[in-house]
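Peer 1: The whole structure should be built from the sequences, with the hints applied where relevant.
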Amino acid sequence: MFLYYVDLAWRSIRKTPILSLLMVLAISVGIGITITTLNVYSMMAYNPAGERSEQLNAIQFWSQGPDTWDDFHRLITYQDAMNLRKGKVAPAQAAMFRSGMAVQTDDPEVLPRLQGIRVTDGDFFKMFEVPFVYGNRWDKAVDLDPAYQAVIGEKLNQKLFGGENSVGKTIYLNRKPYQVVGVIGDWNPQPKYYDPTSGAFSRSEQIFLPFSLTANEEFSVWGNSSGWKHEPMNNYQDRLNSEKVWLEFWTFLPTSEDRAAYKSYLANYVEQQKELGRFTDNKSPVDSVLMSDVAGWLERSHVVPEDNKILVGLSALFLSVCLVNILGLMLTKFLKRAPEVGVRRAIGASRGQIFSQYMVEVGVIGLFGGLVGLLWAWGALYALSARFGVSEGLTHLSMSMWLITPTIAVGTALLAGLYPAWVVCRTKPSVYLKSQ
Amino acid sequence: MLNIKPIFSSLLRSKSGPVLLLVQIILSVAIVANASFIIHERLEMMQRGSGIAEEEVLTFNVFNFDPSIDIDQQNKIDQQILRGLPNVQAATSTNMLPLSGSGWSSTLNLGPDPETAKSTPQYAMYLGTEHTIKTLGLKLIEGRNFYADEINKSVNDPGKLMIISKALAETVWPDESAIGKLLYIDDEQLEVIGVVEKFQGAWVDSDDLEYSVIHNVDFAGYTYMVRAEVGQHKALQDAITKALMKENPNRVIDDFQSVAEVKKLSYRDHELMITVLSMMVVLLLLITSLGLTGMVMFNIQRRTKQIGTRRALGATKGDILSLFLVENYLICLSGGVLGASLAVVLGQQLMKYYDLPQLNLLYPAMTVVGMMLVTTVAVVLPARRAANISPAMATRSV
Numbered sequence: 060m061f062l063y064y065v066d067l068a069w070r071s072i073r074k075t076p077i078l079s080l081l082m083v084l085a086i087s088v089g090i091g092i093t094i095t096t097l098n099v100y101s102m103m104a105y106n107p108a109g110e111r112s113e114q115l116n117a118i119q120f121w122s123q124g125p126d127t128w129d130d131f132h133r134l135i136t137y138q139d140a141m142n143l144r145k146g147k148v149a150p151a152q153a154a155m156f157r158s159g160m161a162v163q164t165d166d167p168e169v170l171p172r173l174q175g176i177r178v179t180d181g182d183f184f185k186m187f188e189v190p191f192v193y194g195n196r197w198d199k200a201v202d203l204d205p206a207y208q209a210v211i212g213e214k215l216n217q218k219l220f221g222g223e224n225s226v227g228k229t230i231y232l233n234r235k236p237y238q239v240v241g242v243i244g245d246w247n248p249q250p251k252y253y254d255p256t257s258g259a260f261s262r263s264e265q266i267f268l269p270f271s272l273t274a275n276e277e278f279s280v281w282g283n284s285s286g287w288k289h290e291p292m293n294n295y296q297d298r299l300n301s302e303k304v305w306l307e308f309w310t311f312l313p314t315s316e317d318r319a320a321y322k323s324y325l326a327n328y329v330e331q332q333k334e335l336g337r338f339t340d341n342k343s344p345v346d347s348v349l350m351s352d353v354a355g356w357l358e359r360s361h362v363v364p365e366d367n368k369i370l371v372g373l374s375a376l377f378l379s380v381c382l383v384n385i386l387g388l389m390l391t392k393f394l395k396r397a398p399e400v401g402v403r404r405a406i407g408a409s410r411g412q413i414f415s416q417y418m419v420e421v422g423v424i425g426l427f428g429g430l431v432g433l434l435w436a437w438g439a440l441y442a443l444s445a446r447f448g449v450s451e452g453l454t455h456l457s458m459s460m461w462l463i464t465p466t467i468a469v470g471t472a473l474l475a476g477l478y479p480a481w482v483v484c485r486t487k488p489s490v491y492l493k494s495q
Numbered sequence: 037m038l039n040i041k042p043i044f045s046s047l048l049r050s051k052s053g054p055v056l057l058l059v060q061i062i063l064s065v066a067i068v069a070n071a072s073f074i075i076h077e078r079l080e081m082m083q084r085g086s087g088i089a090e091e092e093v094l095t096f097n098v099f100n101f102d103p104s105i106d107i108d109q110q111n112k113i114d115q116q117i118l119r120g121l122p123n124v125q126a127a128t129s130t131n132m133l134p135l136s137g138s139g140w141s142s143t144l145n146l147g148p149d150p151e152t153a154k155s156t157p158q159y160a161m162y163l164g165t166e167h168t169i170k171t172l173g174l175k176l177i178e179g180r181n182f183y184a185d186e187i188n189k190s191v192n193d194p195g196k197l198m199i200i201s202k203a204l205a206e207t208v209w210p211d212e213s214a215i216g217k218l219l220y221i222d223d224e225q226l227e228v229i230g231v232v233e234k235f236q237g238a239w240v241d242s243d244d245l246e247y248s249v250i251h252n253v254d255f256a257g258y259t260y261m262v263r264a265e266v267g268q269h270k271a272l273q274d275a276i277t278k279a280l281m282k283e284n285p286n287r288v289i290d291d292f293q294s295v296a297e298v299k300k301l302s303y304r305d306h307e308l309m310i311t312v313l314s315m316m317v318v319l320l321l322l323i324t325s326l327g328l329t330g331m332v333m334f335n336i337q338r339r340t341k342q343i344g345t346r347r348a349l350g351a352t353k354g355d356i357l358s359l360f361l362v363e364n365y366l367i368c369l370s371g372g373v374l375g376a377s378l379a380v381v382l383g384q385q386l387m388k389y390y391d392l393p394q395l396n397l398l399y400p401a402m403t404v405v406g407m408m409l410v411t412t413v414a415v416v417l418p419a420r421r422a423a424n425i426s427p428a429m430a431t432r433s434v
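Those sequence lines, one after another, are chains S and Y. Remember, our numbering sits 59 above the position in the first sequence when you count from 1. Remember, our numbering sits 36 above the position in the second sequence when you count from 1.
Do not take every clue at face value.
Restricting the straight-line Cα-Cα distance to at most 27 Å, the calculated cross-link-like pairs of lysine-lysine (BS3-like) are [as the list claims (entries may be wrong)]:
hint, chain 1, residue 1, chain 2, residue 2
1, Y, Lys189, S, Lys218
2, Y, Lys282, S, Lys218
3, S, Lys288, Y, Lys278
4, S, Lys368, Y, Lys388
5, S, Lys74, Y, Lys341
6, S, Lys288, Y, Lys196
7, S, Lys395, Y, Lys341
8, Y, Lys282, S, Lys235
9, S, Lys288, Y, Lys217
10, Y, Lys189, S, Lys288
11, Y, Lys154, S, Lys342
Short derived list, chain Y residues pointing at chain S, Cβ under 10 Å [unchecked claim]:
hint, residue
12, Val59
13, Asp102
14, Leu308
15, Thr324
16, Phe334
Counterexamples of contact, computed for chain Y against chain S with all Cβ distances above 10 Å [stated by the list, open to error]:
hint, residue
17, Glu80
18, Pro103
19, Arg119
20, Gly147
21, Gly195
22, Trp209
23, Asp244
24, Ser294
25, Met331
26, Met408
27, Val413
28, Val416
I should point out that these hints are in silico values taken from the structure, not numbers from a laboratory. Since we're looking at a predicted model, the values are computed, not measured. Quick reminder that beta carbons are idealized off the backbone N, C-alpha and C, glycines included.
Peer 2: Structural data, given as structure tokens:
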């Protein structure tokens with residue numbers, strides 16, 4: 060019966076090509092706009108941590124003095140990071156910041172290149188599930204006792220060593236030799252949730268160095284540094300001793316008990332620091348600590364710009380205009396065929412049958428509209444990435460859209476078709492038979 | 037009795053068309069008014085002047101990676117080389133790029149006691165030399181430029197001088213000249229020696245964009261800005277790289293871009309928003325007018341007899357045309373009024389949740405006018421066909 064209705068629908072569509080085309084066009088444009096904005100939105104709002112979202116927690120402190128910043132800063136001071144690292148209460152933890160240096164190898168042919176570098180602890184790779192192609196993270200001991208070791212990315216390995224196993228080889232960063240201990244695979248979470256402050260959709264770094272080297276090597280800071288009071292900065296040691304915030308601190312806390320325990324540990328820590336004359340604002344130790352899981356962290360980092368939410372809202376309204384539009388066209392089309400319905404009814408078709416026949420026709424139109432709309436969206440995303448250089452990760456049509464698009468399209472069409480189909484199935488056969 | 041139902045349903049039919057049209061117009065006006073308001077606001081934002089000769093300023097980074105380089109000495113030599121290159125009008129070091137979205141910012145106190153003194157608004161903290169004003173093409177409107185011997189090596193050196201933007205000067209000292217005024221970091225003094233007419237900071241979305249200060253510090257080994265005619269930039273890139281690498285090969289020189297390019301990148305999201313919203317507005321008007329055309333055509337088919345009868349009774353073609361137009365305008369106007377109120381409500385919601393200014397009532401009004409124009413075209417085409425219906429044809433079957 061369904062196939063018969065599909066056949067009937069196809070005939071009817073072919074009978075009124077222009078009207079049908081208008082309907083498909085209206086649906087497709089609405090769907091195209093909606094899917095474009097929805098796709099960008101869903102890519103931005105994506106949480107790459109998946110089920111580990113709650114277990115990974117970024118630590119924030121209210122370390123500022125009174126009447127300065129009126130919110131938690133996303134970064135923390137070097138002193139706090141070092142104290143937490145020494146405390147070692149979390150099963151895994153990593154302090155981090157972004158730096159950069161010029162990379163060279165023993166091969167004089169390789170021109171020095173400037174590379175972004177993530178300076179962090181060895182647990183980073185475990186916490187964020189970074190896949191290794193060769194070798195492994197640096198030894199745990201290196202996090203306490205610095206060694207000149209590095210983990211590099213597959214892309215850089217390709218450029219420097221032609222993609223072979225480079226574990227044990229030497230790279231030079233600002234002329235200083237570092238031994239490669241591991242090569243990680245293609246790992247580029249979008250959004251870059253472990254550090255959205257320096258571009259939420261920028262690529263992840265290709266070089267990772269031990270955080271324990273920071274004080275010795277005085278790595279330049281390529282990320283944000285903020286201070287709430289004036290502190291003279293004559294050298295790197297001043298930076299390390301200062302109240303300036305410039306580090307991210309992540310912990311891995313598997314269970315909710317772990318998280319509660321860590322929170323009280325942090326509150327305890329703040330209390331100690333208050334006795335030492337830090338954390339001078341009038342806030343209780345518990346309120347001076349903020350732990351955000353990945354979802355909360357992305358929210359606090361404003362990874363999804365407001366503009367995007369406005370666009371999704373407006374495009375949903377746009378789709379509703381299209382819906383009303385199709386409703387009108389559908390009504391026009393169905394009423395035109397009322398005499399035909401009258402005959403069918405007279406021959407014995409029930410109202411339900413007429414209704415479902417027309418709903419099938421509407422659904423078919425919706426499906427066509429959805430498919431064309433998907434093409435529109437694909438084209439629009441392509442144009443956006445070409446014209447505005449929007450990050451590839453955002454303009455890639457997500458797989459789920461192949462399912463979501465037809466669902467929305469058919470759903471919209473069916474919604475729009477309800478009323479016209481209801482009107483037409485109530486046709487009285489007698490009226491039309493009489494006039495023939 | 038049996039006839040009541042068909043009559044009722046035919047009434048319902050003729051009503052549902054206009055009602056649908058009404059709903060569509062209401063929604064369209066609400067969307068278009070808000071969208072065009074946002075578009076206009078963003079366009080205005082993008083058209084603000086920066087006070088900088090954006091096109092002519094070429095910027096690039098120098099990264100010295102050899103630890104044995106004396107950065108300060110190298111910086112001096114590099115700038116001399118840059119100024120000596122043909123076609124270079126001016127060159128200077130800087131710690132940050134205007135309109136780039138990243139850089140330094142700070143506040144200063146108006147008095148020596150940090151406990152009691154008021155502070156300036158957040159300003160973009162440029163470090164520059166006596167060449168900065170010329171390189172960026174800023175217009176000095178009061179006071180003087182730095183002298184060459186006043187330029188410090190570090191922000192911590194004494195003898196701190198400042199050239200500030202007029203916007204900052206007027207905010208801090210509304211009624212008097214800023215020249216000679218002092219600002220403080222704790223008890224350390226900074227003196228204002230010059231005011232430039234306009235000089236924007238780095239963050240285009242910030243309310244403090246117009247507040248900038250140039251400090252007399254030659255910031256070594258980071259970013260340089262060179263002023264040259266636009267046509268020379270391409271050749272200059274190679275010349276600069278070659279000359280600086282010849283001086284010392286242990287560095288990476290890259291990221292050549294003009295301030296205009298930097299600016300474009302910073303405003304990219306707004307440009308994107310404008311493009312998407314404009315697309316939406318155009319498509320919306322298109323869809324609405326297509327739907328309208330379809331519905332009027334259907335109406336005419338249904339009312340062929342009625343029109344024919346009216347023509348037979350003496351109505352002119354103009355009468356028929358105006359019948360449809362008046363019908364359309366009635367729907368449009370009522371839809372417009374309702375849509376405008378919906379637009380205001382929608383605007384208020386957007387304002388509540390997002391950082392948007394209040395919707396100007398001009399936009400819904402203009403949208404309604406625009407809608408009436410578009411629908412006129414959409415109605416006139418099929419209505420002319422209706423007017424051409426011959427009375428004889430229409431009444432023959434009666």
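Peer 1: Now look at each hint and say whether the structure bears it out.
Peer 2: Hint check results:
1. Lys189(Y) to Lys218(S): Cα-Cα ~38 Å, so violated.
2. Lys282(Y) to Lys218(S): Between Lys282(Y) and Lys218(S) the Cα gap is close to 25 Å, so the pair holds against 27 Å.
3. Lys288(S) to Lys278(Y): Cα-Cα ~43 Å, so violated.
4. Lys368(S) to Lys388(Y): Given that 27 Å is the threshold and the Cα spacing comes to 13 Å, the pair holds.
5. Lys74(S) to Lys341(Y): This hinted pair holds, its Cα atoms lying about 24 Å apart.
6. Lys288(S) to Lys196(Y): Roughly 19 Å separates the two Cα atoms, so the pair holds.
7. Lys395(S) to Lys341(Y): holds, 16 Å
8. Lys282(Y) to Lys235(S): The hint holds at about 23 Å.
9. Lys288(S) to Lys217(Y): holds, 23 Å
10. Lys189(Y) to Lys288(S): At roughly 23 Å apart (the allowed maximum being 27 Å), Lys288(S) and Lys189(Y) satisfy the hint.
11. Lys154(Y) to Lys342(S): Given that 27 Å is the threshold and the Cα spacing comes to 24 Å, the pair holds.
12. Val59: holds, 5 Å
13. Asp102: Holds: closest Cβ of chain S sits about 6 Å from Asp102(Y), inside 10 Å.
14. Leu308: For Leu308(Y), the interface hint holds, since the closest Cβ of chain S sits about 5 Å away, which is under 10 Å.
15. Thr324: holds, 7 Å
16. Phe334: holds, 4 Å
17. Glu80: holds, 16 Å
18. Pro103: For Pro103(Y), whose nearest Cβ neighbour in chain S is about 6 Å away, the distance does not exceed 10 Å, so it is violated.
19. Arg119: Label holds. Min Cβ-Cβ 25 Å, cutoff 10 Å.
20. Gly147: holds, 14 Å
21. Gly195: Per Cβ check, Gly195(Y) is outside 10 Å of chain S; nearest 16 Å; holds.
22. Trp209: Non-interface label on Trp209(Y) holds, nearest chain S Cβ at 22 Å vs cutoff 10 Å.
23. Asp244: Answer for Asp244(Y): holds, closest chain S Cβ roughly 15 Å.
24. Ser294: Holds: least Cβ distance 16 Å, greater than 10 Å.
25. Met331: Its Cβ does come within 10 Å of chain S, the nearest being 5 Å, so this is violated.
26. Met408: holds, 17 Å
27. Val413: About 16 Å separates Val413(Y) from the closest Cβ of chain S, which puts it past 10 Å; holds.
28. Val416: Its Cβ never comes within 10 Å of chain S, the nearest being 19 Å, so this holds.
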